[in-house]
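Put the two chains together into one complex, using the hints given.
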Amino acid sequence: MISLLQAPSDVPLRILGIQGGHGIRRRLLAMGFHKGDTIELDSMAIFRGPVLVRNLTSDTSVALGRGIAQRIIVEIIDEK
Amino acid sequence: MTKNNRYPDVVLIGQPNCGKSTLFNAVAGLKADTSNFPGTSIKHTHSKVNVEGSIVNIIDLPGTYSLNPSDPAEKVALSHLFHEKPDLIINVVDASILGRNLELTLELMELGSPMIIALNMIDLAKKKGVEIDIKKLEKLLGVPVIPTIATRGQGIKEMLEAALQTLGKSPSVTPIKWSRDVEQRVEKLANLLPEDFPPVYNKRFTAIHMIEANKLFFDKVLREINPKLKEDLDRVRRELEDMHNAPSYEVISAERHHLALKIFEESSRVFRGKRVKFQDRLDDVIMHPFFGYIILLAIFFGFFFIIFKIGNPLEELLLEPLTSLRNFLMLKLGENVFSYLIDGLLAGIGGGVAIVLPYFVPLILLMSFLEDVGYLARAGFLMDTFMHKIGLHGKSVSPFILGFGCNVPAIVSTRILESRRDRVITSLLIPFIPCSARTTIILALVAFYLGPIWAFGFYTFNILLIAILGRVISLFFRTPSPGLILEIPSLKMPSLKNMLKKTIFQMKSFIKFAWPILVAGSIVLGFLQYLHFDRIINIILSPLVEKGLGLPQELGVTLVFGFLRKELSLIMMLQALGVSYKDLMTVVTKEQLVVFTVFINFFIPCLSTVALLWKEMGKRIAFLSIGLNTGVAVILSLIVRLILGK
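Those sequence lines, one after another, are chains B and E.
Count the first sequence with our numbering and you get residues 1 to 80, in order.
Count the second sequence with our numbering and you get residues 1 to 646, in order.
Keep in mind the hints are simulated off the structure, nothing from the lab.
One or more hints might be untrue.
Some chain E residues near chain B, calculated using beta-carbon distances under 10 Å [unchecked claim]:
| id | residue |
| --- | --- |
| 1 | K128 |
| 2 | S172 |
| 3 | L216 |
| 4 | H258 |
| 5 | A260 |
| 6 | G380 |
| 7 | F381 |
Residues of chain E placed beyond 12 Å of chain B at every Cβ, according to the derived structure [said to hold, decoys possible]:
| id | residue |
| --- | --- |
| 8 | K126 |
| 9 | D181 |
| 10 | T460 |
| 11 | I466 |
As the structure is a prediction and not an experimental result, all values here were calculated from the model.
No residue lacks a Cβ here, since even glycine has one placed at the ideal position from N, Cα and C.
With the rest of the complex left out, here is chain E (with noise of 0.2 Å):
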């Protein structure tokens, strides 16, 4: 049951919106262990579930439509199968589109590996009118079926039963015949392959993906190593393009397409509800090529409205208290080294708590929803002619709304683009996003001191500066994009339960990863105060920040401590300028705030988007990241001082 001793290993697979994430959320919440590799080694996320007694590590693979990738993120899927080899494989069906979801389940059978199914969103699909027979489809297919809510928790234990069950049989899966002629030619490529040649799972598996292989370059490797097989294989992708008169691939997808309509028809009971036309009709509004932009526009405003507002009253409700703490530690110590590093570590750990948290958190639960509804797909197919504009299409909105959160998993999710070029514009556009760190910065620094509509302006230009941006980028690429090819997924009832947890999750994720970067940098920039070291980095950078931006000198070290964490940046700029929040206006002027902070929006992506860029994208694109930024922040804060200043 195990391999070498280990925990048997269980794959989540399934098309993207299947409710994969959600359902492994579920489990994970029956944990043992939970871990997600964040930054450079994003491949998938695990983890230990005790199911009874059994240990076994359950792993969440990105969304794939088929085996046959066209995306980054779909080929991490494809080859953690081949070079995995998993002990289960749990496929993940939509029920509410049972139809083409089978279309991958039938695809993972011919791998013969042990299967289960879950069948989620069977809620969905009786709003939809669909009724499936569970048992019929069981029979169907000859793999267990188990139906599941994923968002409400239902089915989960049944299905971690079901998996335990199958992973001490290990019962083989049986794939499904396909019409004679088809199979015929199949099996004949199977018995023509070499005893010695390596085959991936099983002989027909082999066959099938030799078949549908991209035909350039494995043709190329296959000539060299193996002539004669080489043309056995034309042979029969010949003969198939005769009898069907469509390329060989195209010939063995319409086989899984006909026999997954053939087994949905079979299996499944389809009555049009009037629940549906609901959902089409809010639809026809969200998109709607006048109305769509003004919701689109009304989500984005509200959206930093509601930020602003939770975050702005939490703030100073949390910043009292600190400020007094400080004052009064300082007067009770005395200038030693000891009270620097008290005063360091107070600033550091309330930072966190009154600054950072106040807008990170209401940012990360409405952008789970805002991907929960399924609105970023929505949002794609709106923005996709604006996208044209500056050289990108529809699909790279959705990493573009992703970076407003977090810079790095938005470059994470560039993986969804087909092509490279794409992958490159956006991964090279998105640090100029602000991130849920930077909107802290301008919100606690423009909208609370200048006030809203200062914040408002600023990010209608980041945007404008972002699309000039794109549109010089792409000039430097010949090849125009692939266009747009985007699955708008039906609109479901976000679950409360699953935003909560990715926003705890997140949470989490800043309290053990960022938070103490925040402490550290506040403490040693209190040492180094205590030192006088910092005088030596602030008159090292004096020509750029005090001449040329105009700011304060003191204020060098902090944009150093910027590359760490952005927001150590605003922390650190108040102990640096030895003031409190409130009397923060009585050191610096309005347009050195401005200046301020523009530069440190747009200047050098954070550590963890740099490293995430050079792991994603190689050491070329990282390092043009941090030119192209820090260029352009220089550039910008000059003319924002020349503009503002006397």
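Only chain B is shown next, with the shape it has when bound in the complex (with noise of 0.2 Å):
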């Protein structure tokens, strides 16, 4: 279990669950991010940037702020 800032990019994680307020979990619900999705983390932005997180399980791709993707709680999946 650890937060999305602090997986390595480019394995399969899973969303264990997103912390925070309401309106945060609200909107990444809507856009697509569900406990249980694959994600993938793909690329940081320079100086403390944005993250670009693709969510495998519904092929969409999203930029989140660091203080949102330290929220994400994930796992990482055991391919094997």
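See below:
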């Protein structure tokens, strides 16, 4: 169980939960980020910029500010 | 079929970036009559379309992810659905991300209203290796599905025919049931709704939205009006929460999510193609921590370089005959009221053709290219870090970039920002962005007379100023910005037809609204000059214009008119000084030119911008914006004068 910010990039991750207020949760839900989805960390911008996250379950990409990425709890999916 | 003898209302609704507006443009191309409410009343665009002899009123609503809105743009879509009760819903779905788009589809089906689905961008889906069995999808959903490619106008006719057919029958849509335990709770609450409780659409939908509702406010109201129902609602929510160990709204959202994915999997086959890899690689470069910024800068420079390279020769070419004509008429007619009016008329018409359009058209065309290709969101990702420094985040980047075209739609587009704080700061900063009108002035005066490097310097300074102002304004807000959540849509090959359509649309609105103001302004100035009334205004303003800014006294009146349209100041400047564009430098110095440009550029937002700010953000923000812009304009031009002056 790690936050999305600590996760390695280009590795499939499973969303375990989203912490934080209703506003952020609802927004992420509406954009197709749900518990149990498989996501991948694509890239990070420089100077503590946002992270680019690809949701493999719904095949969408979303840029998330660090404050928000930190609240997404994930686990690394063991492919074997 | 029609309500109160009106034409039936058909709404287009879909998630952001599903190609809804392109589809609307393609439909509106078949036309009867298209209208856009610019400025103060932009809510939605609608168009009356003649489909095989029947006229329907098609309405384009802002994109929304769900029916639980989290920004003002989404609220527009939702309130239209609730208040206007359209006769038919056309749900526009992005076939390339069908799974996610179906979540909104399922939510719309809960309304129970007649509905059809436009399965858009099937070409993009195919490229991504997604093959959709349309008959199967239709069967699973129980709603007609029509494949479309809006950018090429494919499937539009079929979609309208299906719409007409559905309108004729008005069949209700049966929502797809969820898993038993959740469905039972929703049913229970729906049955507990008292007889006199006004349901929205139907009882089940009402019950679902009560469970999902934004708790604080809604709950408080409900407790006041019906404590018993509030208790029932709380019990149902608690049961859902206990069963799934998540907030009740999340339980419901998860139901839709899983159902949508199931329908997607059952109706589609996914082959991973090579082309996707190419797109991914392109995106890796565009959003690269180093090359991304190089590209961003290159695009920005290229942008203005192209506009200048196209606009400048065109301007010279078009101005020649106009100037000769004006000189000729002046000689022929002599000095009387008639000649002043004719000269004003010519200055206004000619200014529009020769000075504004050569820069305006390429700017709008390039802007719609950036928008259609999907670059704005990527710029938002790249700029997020820097936007944090000025108290905002990456989502404000796209309104800012749109502001270079025109401030008015830029301010409307701040509706995509979730928090009011971000909207206020962004809306206050947008009037400082040089829109196409001001770009015209900067290019026509600074770049043309002093050289492109000066214009470049001007832009750099302008952007720096916006950063500083943003930093200062955000000091007045205690709450921090909520942070960035921004979808990055897949890159799309823009259709030239759609870009041209947008450009022509904007050009039309320039010709219809702005040009008459330019012409009228010039004629009025001609008349004032004949009466020598302009001198009175000039004398009143001379403490600022002459003493303060060191400009020729004659320019006072042009500044006043600049409030109507920024270009007007430029056109009237020539008229007021009584010189042709070519001879301008014989009557003003370089320093005066720079001071004038600085002042005009930052001075009071134009009339339409102020009107829109008033409407969107309230009187206070509108006045604040006027004060801020005027203050900054005066201070800056004084500083520039001190630096450049002797």
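Hint by hint, where does the structure go against what was stated? Just the numbers, ascending. Structure breaks hint 2 only.
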